[in-house]
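Visitor: Keeping their order, the protein sequence lines are chains A and B.
Count along the first sequence starting at 1, add 4, and that's the number in the numbering used here.
Count along the second sequence starting at 1, add 4, and that's the number in the numbering used here.
Mixed in with the good hints there might be a few duds.
Copies of one chain are not kept apart here, so a pair can be met inside one copy or by any two copies together.
[Stated by the list, open to error] Listed below are the simulated DSS-like cross-link pairs for lysine-lysine, each with C-alpha atoms no more than 27 Å apart in a straight line: (1) K203 x K64; (2) K256 x K183; (3) K186 x K243; (4) K181 x K256; (5) K243 x K218.
Worth flagging that the hints you see were computed from the coordinates, not collected in a lab.
There are 2 protein chains.
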Amino acid sequence: MTIKKKPLILITNDDGINAKGIEELTISLKGLGEIVVFAPDGPRSGSSCAITSMEPIRCKLVDKKENLTLYKCTGTPADCIKLAINEILENRPDLVVAGINHGGNMSISVQYSGTMGAAAEGCVLGIPSVGISLMDCDENADFNESGRLGCELVQWILKEGLPHGTYLNLNIPVGKKIKGIKVCRQADGRWTNEYKVSKDAHDETVYWLSGNFKNNQPIHPDNDTLALDNGYASLVPCKIDVTDYVFLETLKQMI
Amino acid sequence: MTIKKKPLILITNDDGINAKGIEELTISLKGLGEIVVFAPDGPRSGSSCAITSMEPIRCKLVDKKENLTLYKCTGTPADCIKLAINEILENRPDLVVAGINHGGNMSISVQYSGTMGAAAEGCVLGIPSVGISLMDCDENADFNESGRLGCELVQWILKEGLPHGTYLNLNIPVGKKIKGIKVCRQADGRWTNEYKVSKDAHDETVYWLSGNFKNNQPIHPDNDTLALDNGYASLVPCKIDVTDYVFLETLKQMI
Chain A
5 MTIKKKPLIL ITNDDGINAK GIEELTISLK GLGEIVVFAP DGPRSGSSCA ITSMEPIRCK
65 LVDKKENLTL YKCTGTPADC IKLAINEILE NRPDLVVAGI NHGGNMSISV QYSGTMGAAA
125 EGCVLGIPSV GISLMDCDEN ADFNESGRLG CELVQWILKE GLPHGTYLNL NIPVGKKIKG
185 IKVCRQADGR WTNEYKVSKD AHDETVYWLS GNFKNNQPIH PDNDTLALDN GYASLVPCKI
245 DVTDYVFLET LKQMI
Chain B
5 MTIKKKPLIL ITNDDGINAK GIEELTISLK GLGEIVVFAP DGPRSGSSCA ITSMEPIRCK
65 LVDKKENLTL YKCTGTPADC IKLAINEILE NRPDLVVAGI NHGGNMSISV QYSGTMGAAA
125 EGCVLGIPSV GISLMDCDEN ADFNESGRLG CELVQWILKE GLPHGTYLNL NIPVGKKIKG
185 IKVCRQADGR WTNEYKVSKD AHDETVYWLS GNFKNNQPIH PDNDTLALDN GYASLVPCKI
245 DVTDYVFLET LKQMI
């Protein structure tokens, strides 16, 4: 009989190491294996898959107890995953989990989210990876249902694995009891009216990112936005390879 | 007879407004229409599709002459596209062109590149968009061939358009005479040995992004990396929708 090694789970986020979401995620997953939290030292919302290429990154061990080690670093969420796996961790993680994000990352938000950028980076490095987001930006949001569903999904991934080049995007609506997890596609949408224009102390114009989400095809049955509107958590499998294979064949004939 | 309006071309990059690559791109495209350059005020390499959500963005008119207006801003390349289209330009551009990047953005680099993040953002906002990169990081690189091929491709896009949700990634190898443009897929690769570890002035450890590219399937005939190795410029059509539709169907049966 072989004794099965406990899985090593690497956790990060884009709200920073002190956010409630990453703490609640860590608590939810603590029974599943050895956990390393390696997160930015402050908020990095909207980091996408940005990497720090022109400045050095610093990292610091924050705490180490049984089955739980915490590091913070000066980089982006994607930097956290790269640095942890390349330089800090002794063993390769079995899983990368990013979140729980304060705010939803459905539809086009997958493009901008630092949390999803970290999940993508885990996938690039060949590790099953998932990002988890709650549709509530409040710093004291209730992560109970998100933690429960995230833990269920993590157990499923640890058992089943994920295909090469595919990572998962789990979004959870606000509510006491979620109807379940629905497998979805990324809804086709974008942001509009994106800036609040104001003046600084010297009366110079400044632009603050803001905006309203616009769904281009709101009623498509597989949309993540529709599942969330109907009280389900949405689960979108995402690909690292962004090639448009359909248009590639057309383009070959044209160019 | 209707008089056809000159196309409005919005140009940005991630090397900043003072880079040679964006200047050469502007010169190459100047005969094709009215040009607005709206670029970061300094280098933003590795910005991906990051957006500035926690600080205000400032922007400044740098110069205005016939058919050419230049702005710089404190944001990322994706911010440049958002801000220009939402707040600064009077008319919607007919095309977004990002580049010419100092350094290639083939294979997995599309994930991290601020230049490609800007092209993606143009596409999200519904405008035909392309990123152009030369495989030479030198600040004085020779952009002659890149400018010529970029101009050819831009004319083609202005005539033919692009499908909703698809943008283009053009990479040009170093050389006096390129064999032509080859339509490709994004090669399946990643970076390894990603950090150079050193000490700062206070003897504290710092990590500098570095690394070697590893191609997972180097001989796939459609790889952009293979075309570039063989002296062709590579053109990859990229999708905003990252849903893995094949695994989505499998996942529906499993969850």
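Visitor: Taking the hints in turn, state whether each one holds.
Guide: Consistency of the hints with the structure:
In this assembly of identical chains, K203 and K64 lie within 27 Å of each other by CA distance solely across copies; the values are 14 Å between and 38 Å within a copy. In this assembly of identical chains, K256 and K183 lie within 27 Å of each other by CA distance solely across copies; the values are 16 Å between and 45 Å within a copy. When the C-alpha separation of K186 and K243 is checked against a cutoff of 27 Å, the pair qualifies both within a copy, at 18 Å, and between copies, at 23 Å. In the homo-oligomer, the alpha carbons of K181 and K256 lie at most 27 Å apart only across protomers (21 Å), although the nearest pairing inside one protomer, at 50 Å, exceeds that limit.
Taking the closest pair of Cα atoms, K243 and K218 come within 27 Å of each other both inside a single copy (23 Å) and across two copies (19 Å).
Comparing the model with each numbered hint stated earlier shows that all of them hold.
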